[in-house]
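Chains as they are written, first to last, in the working numbering: chain A, 1 to 295; chain B, 296 to 574; chain C, 575 to 922.
Hints listed in this document are in silico derivations from the structure and should not be mistaken for laboratory results.
Please read all numbers here as calculations on a predicted model, not as lab measurements.
Backbone N, C-alpha and C define an ideal beta-carbon position, used for all residues, glycine too.
A few of these clues could be false.
As a list, the in silico DSBU-like pairs of lysine-lysine whose alpha-carbon atoms are at most 35 Å apart [what the hints assert, rightly or not]:
id : chain 1 : residue 1 : chain 2 : residue 2
1  : B       : K487      : A       : K242
2  : B       : K432      : A       : K239
3  : A       : K28       : A       : K239
4  : A       : K242      : C       : K609
5  : A       : K239      : C       : K611
6  : B       : K432      : B       : K487
7  : A       : K28       : C       : K611
8  : B       : K487      : A       : K28
9  : A       : K242      : A       : K28
10 : A       : K28       : C       : K609
If you want a taste of the chain A side facing chain B, the calculated C-beta under 8 Å gives, among others [stated by the list, open to error]:
id : residue
11 : L175
12 : L178
13 : S253
14 : F256
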Amino acid sequence: MSAPCPCCQADIAPAVHRRGGGRSLARKTADSVGHAVTDVLQNEELAARPGLLQGLDPRVKLLTLLLFAVAASLVHSVWLLVALIALTMALAAASLVGVGSFARRVWASAGLLAFLVALPSALSWFTPGQVVVSLGPLSFTEPGLMGVATLVARVAAAAGFAILVIWTMRWTDLLRALSAMHMPDVVVATLAMTHRQILTLLRTVEQIHLARESRTLTRGTTRENRAWVTERMAFVMRKSMKTADDVYDAMLSRGFTGAMPSLVRLRTRPRDWMWAAASVALCVAIVIADRAVGP
Amino acid sequence: MRETDFVLEGVGHEYRAGTPALAAIDLSIGCGQHVAVVGANGSGKSTLLKILDGLVFPSSGEITAFGAPLTEVALEDPAFRRDFRSRVGFVFQEADVQLFCSDVRDELAFGPLQLGLPEDEVRRRVQEVAGQLGLEKLLDRPPYSLSGGEKKRVAIASVVTMESHVLLLDEPATALDPRSQVWLLDVLEAWKREGRTVVMATHDLSVAAEAADRLVVLSEDHTLVADGTPDEVLAQRELLLAVNLIHEHTHRHESASHRHAHAHGPGTDPDQAHGHGHD
Amino acid sequence: MDIVAMHIPDGYLGPQTYVVLWIVMIPIWVVAARKVKRTLKTKQIPLLALGAAFSFVIMMFNVPVLGGSTGHAVGATLIAIVLGPWAAVIAVSIALVIQALLFGDGGITAIAANCFNMAVVIPFVGYYLYRLVAGDAPSSSRRVVSSGVAAYVAIVAGAICAGFEFGIQPYIAHTASGQALYAPYKLDVAVPAMALEHLLFFGWVEAIVTMGVVAALARTEPALLETKPAAKPLRWLWAGIGVLILFTPIGALAPGTAWGEWGGEELDSLVGYVPTNLEKLGGLWKAGMPDYATPGVSNTLLGYLIAAVVGTVLVVGVTWGVGALLARGRGDDDDAASRSTAPTVPTG
Numbered sequence: 001m002s003a004p005c006p007c008c009q010a011d012i013a014p015a016v017h018r019r020g021g022g023r024s025l026a027r028k029t030a031d032s033v034g035h036a037v038t039d040v041l042q043n044e045e046l047a048a049r050p051g052l053l054q055g056l057d058p059r060v061k062l063l064t065l066l067l068f069a070v071a072a073s074l075v076h077s078v079w080l081l082v083a084l085i086a087l088t089m090a091l092a093a094a095s096l097v098g099v100g101s102f103a104r105r106v107w108a109s110a111g112l113l114a115f116l117v118a119l120p121s122a123l124s125w126f127t128p129g130q131v132v133v134s135l136g137p138l139s140f141t142e143p144g145l146m147g148v149a150t151l152v153a154r155v156a157a158a159a160g161f162a163i164l165v166i167w168t169m170r171w172t173d174l175l176r177a178l179s180a181m182h183m184p185d186v187v188v189a190t191l192a193m194t195h196r197q198i199l200t201l202l203r204t205v206e207q208i209h210l211a212r213e214s215r216t217l218t219r220g221t222t223r224e225n226r227a228w229v230t231e232r233m234a235f236v237m238r239k240s241m242k243t244a245d246d247v248y249d250a251m252l253s254r255g256f257t258g259a260m261p262s263l264v265r266l267r268t269r270p271r272d273w274m275w276a277a278a279s280v281a282l283c284v285a286i287v288i289a290d291r292a293v294g295p
Numbered sequence: 296m297r298e299t300d301f302v303l304e305g306v307g308h309e310y311r312a313g314t315p316a317l318a319a320i321d322l323s324i325g326c327g328q329h330v331a332v333v334g335a336n337g338s339g340k341s342t343l344l345k346i347l348d349g350l351v352f353p354s355s356g357e358i359t360a361f362g363a364p365l366t367e368v369a370l371e372d373p374a375f376r377r378d379f380r381s382r383v384g385f386v387f388q389e390a391d392v393q394l395f396c397s398d399v400r401d402e403l404a405f406g407p408l409q410l411g412l413p414e415d416e417v418r419r420r421v422q423e424v425a426g427q428l429g430l431e432k433l434l435d436r437p438p439y440s441l442s443g444g445e446k447k448r449v450a451i452a453s454v455v456t457m458e459s460h461v462l463l464l465d466e467p468a469t470a471l472d473p474r475s476q477v478w479l480l481d482v483l484e485a486w487k488r489e490g491r492t493v494v495m496a497t498h499d500l501s502v503a504a505e506a507a508d509r510l511v512v513l514s515e516d517h518t519l520v521a522d523g524t525p526d527e528v529l530a531q532r533e534l535l536l537a538v539n540l541i542h543e544h545t546h547r548h549e550s551a552s553h554r555h556a557h558a559h560g561p562g563t564d565p566d567q568a569h570g571h572g573h574d
Numbered sequence: 575m576d577i578v579a580m581h582i583p584d585g586y587l588g589p590q591t592y593v594v595l596w597i598v599m600i601p602i603w604v605v606a607a608r609k610v611k612r613t614l615k616t617k618q619i620p621l622l623a624l625g626a627a628f629s630f631v632i633m634m635f636n637v638p639v640l641g642g643s644t645g646h647a648v649g650a651t652l653i654a655i656v657l658g659p660w661a662a663v664i665a666v667s668i669a670l671v672i673q674a675l676l677f678g679d680g681g682i683t684a685i686a687a688n689c690f691n692m693a694v695v696i697p698f699v700g701y702y703l704y705r706l707v708a709g710d711a712p713s714s715s716r717r718v719v720s721s722g723v724a725a726y727v728a729i730v731a732g733a734i735c736a737g738f739e740f741g742i743q744p745y746i747a748h749t750a751s752g753q754a755l756y757a758p759y760k761l762d763v764a765v766p767a768m769a770l771e772h773l774l775f776f777g778w779v780e781a782i783v784t785m786g787v788v789a790a791l792a793r794t795e796p797a798l799l800e801t802k803p804a805a806k807p808l809r810w811l812w813a814g815i816g817v818l819i820l821f822t823p824i825g826a827l828a829p830g831t832a833w834g835e836w837g838g839e840e841l842d843s844l845v846g847y848v849p850t851n852l853e854k855l856g857g858l859w860k861a862g863m864p865d866y867a868t869p870g871v872s873n874t875l876l877g878y879l880i881a882a883v884v885g886t887v888l889v890v891g892v893t894w895g896v897g898a899l900l901a902r903g904r905g906d907d908d909d910a911a912s913r914s915t916a917p918t919v920p921t922g
């Protein structure tokens, strides 16, 4: 039961200890949305630093980093995977993006989850074999643990290359690279617009949630919060569709015919070719070495 | 030289059956005129501009642009479309809607490139316009990272590079800080000297009075109720009250109280609370 | 940033799986792009971009479920209901690509797999189930309920596909000592785990979000939910078959032989003798894929799976062929996927 406070008419419910207190729903979403926006803006800053990868032609960079990610998916030996992880670290260092934050990002976004998800599979119940570690009733087998290690190493290596792509490329350059790789105009144009719209929508969503946070004194019941969240989503959806109409009109009025032209021309330099050759050679060497070492 | 750019006869528009946006407008816009279309929110100003730009087509009546009928079918012809779009530029109310390219340079180049101009010419125009509007340092930045005022300048620049003869502006002064408003008025003056036609939609009477040589008033039921010079139109106080462009209220000064009417200063939302002084 | 439960990062799927899914997805994308271009024309770009952005943003909302717990939704069924399933394929694919390439969530080699699960399976299952349950000219409340049911089933279907993709890894690639090289859990763990996770939790989140938004839209912008006249009865069948096909991998989990389908040898071991006529007829037909095993593939389970896929494709292919022949006779228009664009909102 709540009663209006006589001086300010605000509705104040008696303090209720909720399970899993912490931040309110509105705050949680506002925070994660805020982080996403800051991440994107920070990306631009990282991609502008004068490091090794930033100086490469976007097409070459994208293709070679993808090549490395594919190599990571082909390799079976844990040790070679660890070598690939070391390579990602070295590239991160050479690209001046901060090895510490790079490592943290790889671990937090991919490594940790892989470890937690895969660990139970190392139990003898799942993967029979020679028991290596015993913790009370739980026994972990050798093939089981090796499987976990392989998975975590592979996930970390692949994630590392992906994050290097993201942290060393401006989004616009990424789109130019995709366009140069003959991705259809429509797709590239839509990706570009989507990116723009996402940022606008994210800001709107963040503001909606912060506004709610600042006006709310009580936590609200689950049902109320749910109704609010879904209603807000519908609002955002309506607003998005209206914006789509307006943006389309704006494009039409500037003579839009279907393609997104650009004045920027990509050019490759000798260093791009050297890098490409080195990467291809390294990937081939790693895969051959892996086959030689044997499963 | 041609005298009129646009002729509208009985033009009306409905978005969906039963949702009228404009009702039977008769209007002609002469070459080189600066016209302000004023009316309360919802009176149909934006719709009128969109009809002038061939983005929306009238449900009733006819519109002619540069001597030729402006219809959906006509715009399907690529040559006509290119010609029309190069002659008419539209600056939207929200700059965000208009900025969809990856960086400012591409934004400025988008229009001319779509019109098929050679790259050298496009580059030249981009540099020139960027210089005119103080955007040189922003050319490589993505539009979403700009401030509100910068976005507005880029939006206007993106239309200026098309070197259109007619410029349609939807609420150009809303949400601009005082310095930017002065800048906007300067831009409008320059366009006047260059002989460009400007049609501006606004609910802000002071901007309209300063920048336009003709005022057209739309009522809340979407009809055209007044058309004349700013002085003529602004003198019709009853009319302006009736269409909700100005309001009256009573207030007190020490011992006396009086009624007076006023409009709102530039860049404000008429629905917000306000204060004002007396002259 | 938290991600949705179904996103597959890089490294869990071996190349045999992810490459196959790329090969599957490319024609699907091409077809979707063509269909969308036909109905939306140049307007497709801003509309799809908005759909994609919205899909992306929906994945970030924290949705309260019970007590203090919250979950994330995918929203693919919602997009399919509003934009149509083909446009949803493109919109959700773009959202996923951006998640991977801009925010680093979800893998890059795994993009095709994620798109298959979330941008193809969910929208199609969701859309057709919605149409099926909502029927002709439904009331608002019926729309809301159908959208919830459709979203729930669709996301479970998508989850099962993801579970299947995870679960076949140990069979495809492992060392001699039995160590898994990619995702370590077999089908009998992966599929139930994914299914249960979504049946018990994420499915409800999806249903809540979809129903809530559809309800709000029905109140404020009902035109967005309008669909073309109802599906013909054949669609019943397709929808049902579609759902069943998706659930076939579960059959791989059941040990032993289905009751009544014993062959000669099994009867012998079960009851001690084989009826004489059975013995005569048993050798008559040499099946192309005896015992549901694929000739040349020694791993029995993998063989079983390949046989299942081939079998399904054949059955569907023949049925579709017959259906097409019949339909041509009646002159049906089978394209319910084309939708009108959203009406312009007046700006005044």
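Tested hints:
1. Distance restraint check for K487 of chain B and K242 of chain A: the Cα-Cα separation of roughly 33 Å lies within the 35 Å cut-off, and the hinted pair is therefore satisfied.
2. As the CA atoms of K432 of chain B and K239 of chain A are separated by approximately 33 Å, the hinted pair is consistent with the 35 Å bound.
3. A distance of roughly 23 Å separates the Cα atoms of K28 of chain A and K239 of chain A; the hinted pair therefore holds under the 35 Å criterion.
4. The suggested pairing of K242 of chain A with K609 of chain C holds, with an alpha-carbon distance near 23 Å, which does not exceed 35 Å.
5. For the hint linking K239 of chain A to K611 of chain C, the alpha-carbon distance of about 23 Å falls within 35 Å, and the restraint holds.
6. This hinted pair checks out: K432 of chain B and K487 of chain B have alpha carbons roughly 28 Å apart, not beyond 35 Å.
7. For the hint linking K28 of chain A to K611 of chain C, the alpha-carbon distance of about 38 Å lies beyond 35 Å, and the restraint is violated.
8. Proposed proximity of K487 of chain B and K28 of chain A is contradicted: the alpha carbons are some 52 Å apart, above 35 Å.
9. With a C-alpha separation of about 27 Å, the suggested pairing of K242 of chain A with K28 of chain A holds against the 35 Å cut-off.
10. Note on K28 of chain A and K609 of chain C: the hinted pairing is violated, with a Cα-Cα distance of about 39 Å set against a maximum of 35 Å.
11. For the restraint placing L175 of chain A at the interface with chain B, the shortest Cβ-Cβ distance is roughly 7 Å, inside the 8 Å limit, so the hint holds.
12. Annotation: L178 of chain A was flagged as interfacial toward chain B, and the flag is violated, the nearest CB pair being 12 Å apart, outside 8 Å.
13. At its closest, the beta carbon of S253 of chain A sits 4 Å from a beta carbon of chain B; the interface hint therefore holds under the 8 Å criterion.
14. Residue-level restraint check for F256 of chain A holds (minimum Cβ-Cβ distance to chain B is 6 Å; threshold 8 Å).
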